[in-house]
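Residue numbers (this note's numbering), protein chains in the order written: chain B, 1 to 280; chain U, 1 to 359; chain P, 1 to 270.
These are calculated hints, taken from the structure and not from any lab test. Since the model is a prediction, treat every value here as computed from it, not as a measurement. Treat the hints with care, as some may be off.
[To be verified] Here are the simulated DSBU-like pairs of lysine-lysine, each with C-alpha atoms no more than 35 Å apart in a straight line:
#1 K115(U) / K169(U)
#2 K74(U) / K257(P)
#3 K328(U) / K303(U)
#4 K94(U) / K176(P)
#5 K257(P) / K94(B)
#6 K97(P) / K262(P)
#7 K262(P) / K21(U)
#8 K273(B) / K95(P)
[As the list claims (entries may be wrong)] Now the in silico label distances, taken between C-beta atoms and shown as ranges:
#9 K21(U) / L183(P): 17 to 27 Å
#10 L175(P) / D151(U): 17 to 27 Å
#11 P17(B) / L16(P): 25 to 35 Å
#12 A96(P) / L133(B): 53 to 63 Å
#13 L9(P) / P88(U): 41 to 51 Å
#14 R97(B) / L175(P): 16 to 26 Å
#15 V270(B) / A96(P): 41 to 51 Å
#16 K97(P) / I312(U): 36 to 46 Å
#17 G132(P) / P17(B): 20 to 30 Å
#18 V266(B) / A96(P): 19 to 29 Å
#19 L183(P) / K57(B): 53 to 63 Å
#20 L183(P) / D63(U): 29 to 39 Å
[Said to hold, decoys possible] Calculated from the model, a selection of chain U residues having no Cβ within reach of chain P, i.e. all distances over 10 Å:
#21 M1
#22 Y174
#23 V306
Built from N, CA and C at the ideal position, the CB exists for glycine as well.
The residues making up each chain are set out below.
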Amino acid sequence: MTTSVGRRWATLPLITPAIALQSLFFFLPLIMILIVSFTYRDTFFFSPVYTLDNYVKMFRIYRIDFQNTFFLAGMAGLIDIIIGYPFAYILLRKVTRFADVFRAILIIPLFGELYIAYGLLYLILPGGPVSRLLDTLGISPLDVLYSAPMAIFGMSLYTLPFVVYNIGISLQGIDRSYEEAARCLGASRLKTFLRVTLPLSLPGIITGWLTSFGWNLGTLAIPVLLGGPILGTRVLSNQIWTTSLVTSDFGMGAAIGVMVVAITMVVFYVVVKFSRGVLI
Amino acid sequence: MTRVEAIDLVKRYGSFVAVDKVTLRAREGELVTILGPSGCGKSTTLRMLAGLIQPDGGRIFFDERDVTSLPPDKRNIGFVFQRVALFPHMNVYKNVAFGLEMRKMPKRVIQERVKEALRLVHMEGYEDRMPSQLSGGQAQRVEIARVLATDPEVLLFDEPLSNIDAKLKDELKYEIRRIQRETRKTLIYVTHDQAEAFAISDRVYVMNNGRIEQEGTPLEIYTNPRTPFIASFIGTTNFIETSLKDYDEKGGIATLEASGLEIRVRHPSILLDRRRRYFISIRPEDIKVINPDDQKSYLNSFKGTVEDAIFIGTTVRLNINVNGLLLKVDTYGAERFNFLDSKGKEVVIGFDSCTILNM
Amino acid sequence: MGRGMYERLSSILSYLYLILVCTAILLPLSITLYRAIVVYNPDGSITISFQSYTMISEAFWDKVLVNVSISLLTVAIDVAIAVPAAYALVKYELKAKRLIFTYLNGVWYVPGISYGLALVLSYYFVYKFLLGFWGFVVAYSTGFMLLALLTAIVAFRNLDPVYEEAARCLGAGRLKTFFKVTLPLVGPGITAGVVLILVLSLNEFITALLLSGPTRVKTAPLQVFSDIRHAGIQPFVAAEATVLQLVSLAIVILYLKFFGTKYLRGAIMI
Chain B
1 MTTSVGRRWA
11 TLPLITPAIA
21 LQSLFFFLPL
31 IMILIVSFTY
41 RDTFFFSPVY
51 TLDNYVKMFR
61 IYRIDFQNTF
71 FLAGMAGLID
81 IIIGYPFAYI
91 LLRKVTRFAD
101 VFRAILIIPL
111 FGELYIAYGL
121 LYLILPGGPV
131 SRLLDTLGIS
141 PLDVLYSAPM
151 AIFGMSLYTL
161 PFVVYNIGIS
171 LQGIDRSYEE
181 AARCLGASRL
191 KTFLRVTLPL
201 SLPGIITGWL
211 TSFGWNLGTL
221 AIPVLLGGPI
231 LGTRVLSNQI
241 WTTSLVTSDF
251 GMGAAIGVMV
261 VAITMVVFYV
271 VVKFSRGVLI
Chain U
1 MTRVEAIDLV
11 KRYGSFVAVD
21 KVTLRAREGE
31 LVTILGPSGC
41 GKSTTLRMLA
51 GLIQPDGGRI
61 FFDERDVTSL
71 PPDKRNIGFV
81 FQRVALFPHM
91 NVYKNVAFGL
101 EMRKMPKRVI
111 QERVKEALRL
121 VHMEGYEDRM
131 PSQLSGGQAQ
141 RVEIARVLAT
151 DPEVLLFDEP
161 LSNIDAKLKD
171 ELKYEIRRIQ
181 RETRKTLIYV
191 THDQAEAFAI
201 SDRVYVMNNG
211 RIEQEGTPLE
221 IYTNPRTPFI
231 ASFIGTTNFI
241 ETSLKDYDEK
251 GGIATLEASG
261 LEIRVRHPSI
271 LLDRRRRYFI
281 SIRPEDIKVI
291 NPDDQKSYLN
301 SFKGTVEDAI
311 FIGTTVRLNI
321 NVNGLLLKVD
331 TYGAERFNFL
341 DSKGKEVVIG
351 FDSCTILNM
Chain P
1 MGRGMYERLS
11 SILSYLYLIL
21 VCTAILLPLS
31 ITLYRAIVVY
41 NPDGSITISF
51 QSYTMISEAF
61 WDKVLVNVSI
71 SLLTVAIDVA
81 IAVPAAYALV
91 KYELKAKRLI
101 FTYLNGVWYV
111 PGISYGLALV
121 LSYYFVYKFL
131 LGFWGFVVAY
141 STGFMLLALL
151 TAIVAFRNLD
161 PVYEEAARCL
171 GAGRLKTFFK
181 VTLPLVGPGI
191 TAGVVLILVL
201 SLNEFITALL
211 LSGPTRVKTA
221 PLQVFSDIRH
231 AGIQPFVAAE
241 ATVLQLVSLA
251 IVILYLKFFG
261 TKYLRGAIMI
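Given these sequences and hints, build the entire structure.
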């Protein structure tokens, strides 16, 4: 029961600052980027030349970048599901001692993709700890390092906490009596898992994958540092940065930026529809 | 000492009417209970008296003062909650002192008052304990001390004993009565426990479905329940649907008929109408298994067969079939053991008191 | 093989799995640390030395200082703005509660790269006075407000209203009740948000990358990024990369030591 001690008008001064902050520094900039995406190069700042060219050209010029980004982010999400599902399941169902330690370690990837990229970069680079091992196996470290699998591995480490969280929330929502009922009806552990637990936690799997995908669309340091000069630089985040701030083609940078926002919005809309958790 | 008066209180939640034109009064220094099943609106009524909920209609007076739209902190009340509401981040002393600090009393006075309040509830020496270190009963005592320390005009207790185990509950309810007598404060007490209400109250309001169904002393309500709900909610009873056969206004005796039996009722408390059917209530403890020779000394007496005898403890409950009518009869004392294997036997039962209910 | 044996085996395997995954999570940090402190001698032996930390340039420490100031200001602003908003969202009947909540959380769903560019455009065009240090503070405050909001909402929701009602009945007004009862009781929950914002804003990279050009402010993660690209994997770069990570780790461990995981669960933890 909520207290009705308070009166309605009292909410206004409490909530207005938050709404104002988001309106001024999130929604207004978002509208600006949308407008700029319809202007030619940097004309917006003196005499705007409106055009649809950016969007028309974008898919031709940056088709590779879209492909790369989707591929890397999608694969990272998949890896996260495969690693994260057992992790969440064990953390919630099997483990009692040290559970909080494992939970705490899951915070570390939130420190940022830059550190993940750097750590993995040094791991494989010539002179690094693994390079000797690779040498004896006759593999060139650079082949391992500047490759899609390495970037995918880095991205999946980055978003693993979100996937574990999403799957965990949906596992917590499953009434244990369903599983107990299945066991009593003669289903083995494996059958119970496959026929009851897994289908019931499917929403968590879907939201987990989408969340990972959405977050990795915007990663920059991991693909650039680990993906190498060919794959790594041809991702959307890098193009947004370089076209707008390095080559001053704000129009095109904004258009790609808007495209990424649109895709992410759709992705997270689906996530919110499916998920019951508060945070993605 | 303050008089409390609530007139036509209404609270709606959407289309659901939680409290429907409730009027109640508590005289100076009186202990009044609102008794009813869960969800009947009794807590909502109490919360409106406290100002925790704004009523959608009606007025509330403390003496001559209209407090209807005052917030709780301006009403000078003492509210004791069902759940332990001691602030978990303050020790017992700080908790009891809280209300006094809010009233900006000097430190010395606060010290004295806290001591006095804790003494009153027999909790001296617990000043430094944290709420988590107290048992449920101790916490509720401190809660009462916290409320008393501020010297409120009106005490409002919302099922304060419902989360306390049975033994302690019995002890604490008499404590509450003692404290109320000692402090001579007006107390409005909400509970769903009839025994608790009857043990401590001067007067009881019985509430059901958002309305007050009956008001009176515990004795009046028990012996003269006015509606089927009250008859069944308060104690156990036999309900019998009857039709009015005859009413001898001079002798003051009404005769009602059910399953071919004639049941006589002395001085019915409601106006009777020959065309209507009436429910009557007979308490199991009012029916006696009697010697067939004594039939004349009872207003009603019938022959019946014992269908079942159940040992409950202080009573043995018999289910007796009279002409197809199944009556619950309670037997007491040493003689009750004689009935333990009376199943199938023929007996004679007699009773004087029974009540015609208002539908 | 008995049931007990099966349980034992599955328990051991469970722990092994968790440890394996956690090792992978810890891999980047530990490798970076390894690079920073392990020195290969010419004779092939290995020594551990913290000399690399002394080789970090003055400029980097300056940037750490800038970073810390930005983070602390961000925390202060976010708590001041989000806690009242969370209180209103939990305690009052609002018509468009879900809509407001979604509106306040929107920024979380926009990739940092796009958000950074959008901010840069608005700074160039509308908020010219924010081209500098305050541009970062405002950007981070807006971007991370959600974390303070969420943890505060969880804290307020877990707070039994009975304490506030009791305070009101004992004569405390609205404000007194909030400061003497509500805030002390939800405080630990709100600190969860503080810790998250502190850690994330200390390490924020992408938004900073976009803002650094126009604002001419460089934060420590950006220095690390440019050093990686220009100086490669020198020990001093590795040392730089560990500084803020270790600070963040210390903050998190300190927090967990005091409060445990309970206030973070449901917000970012299961």
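Hints versus structure:
1. Straight-line distance between C-alpha atoms of K115(U) and K169(U) comes to about 24 Å, which keeps the hinted pair within the 35 Å bound.
2. With a C-alpha separation of about 42 Å, the suggested pairing of K74(U) with K257(P) is violated against the 35 Å cut-off.
3. A threshold of 35 Å between alpha carbons decides the hint, and for K328(U) with K303(U) the separation of about 14 Å falls inside it, so the pair holds.
4. Proximity of K94(U) to K176(P) is assessed by CA-CA distance (about 15 Å); at most 35 Å being required, the pair is judged to hold.
5. Taking the CA atoms of K257(P) and K94(B), the gap is about 24 Å. The hint holds against a cut of 35 Å.
6. In summary, the hint linking K97(P) to K262(P) is supported, as the alpha carbons are separated by about 26 Å, within the 35 Å threshold.
7. For the hint pairing K262(P) with K21(U), the CA-to-CA distance comes to about 45 Å; that exceeds 35 Å, so the pair is violated.
8. Taking the CA atoms of K273(B) and K95(P), the gap is near 20 Å; set against the 35 Å cutoff, the hint holds.
9. Taken as a hint, the range 17 to 27 Å is violated for the pair K21(U) and L183(P), whose Cβ atoms sit roughly 40 Å apart.
10. With their beta carbons about 24 Å apart, L175(P) and D151(U) fall inside the hinted range of 17 to 27 Å.
11. Checked against the hint of 25 to 35 Å, the C-beta distance between P17(B) and L16(P) comes to roughly 49 Å, which is inconsistent with it.
12. Between A96(P) and L133(B) the Cβ separation comes to about 59 Å, which falls inside the hinted range of 53 to 63 Å.
13. Look at L9(P) against P88(U): about 43 Å separates their beta carbons, and that is inside 41 to 51 Å.
14. Checked against the hint of 16 to 26 Å, the pair R97(B) and L175(P) fails, with Cβ atoms roughly 45 Å apart.
15. Checking the proposed 41 to 51 Å range against V270(B) and A96(P) shows it is violated: the Cβ atoms sit about 22 Å from each other.
16. A C-beta distance of roughly 52 Å is found between K97(P) and I312(U), which places it outside the suggested range of 36 to 46 Å.
17. Here the CB-CB span from G132(P) to P17(B) is close to 23 Å, well matched to the stated 20 to 30 Å.
18. V266(B) and A96(P) have their C-beta atoms about 23 Å apart, which keeps the hinted 19 to 29 Å range intact.
19. One distance hint, 53 to 63 Å for the beta-carbon pair L183(P) and K57(B), holds here, with the actual separation near 55 Å.
20. For L183(P) paired with D63(U), a C-beta distance near 36 Å keeps the hint of 29 to 39 Å intact.
21. No Cβ of chain P comes within 10 Å of the Cβ of M1(U); the nearest lies about 19 Å off, and the non-interface call holds.
22. Every CB of chain P lies more than 10 Å from the CB of Y174(U), the least distance being 24 Å, so the non-interface label holds.
23. Under the 10 Å C-beta cut-off, the non-interface status given to V306(U) relative to chain P holds; the minimum distance is some 51 Å.
Of the hints listed earlier, those the structure fails to meet are numbers 2, 7, 9, 11, 14, 15 and 16, in rising order.
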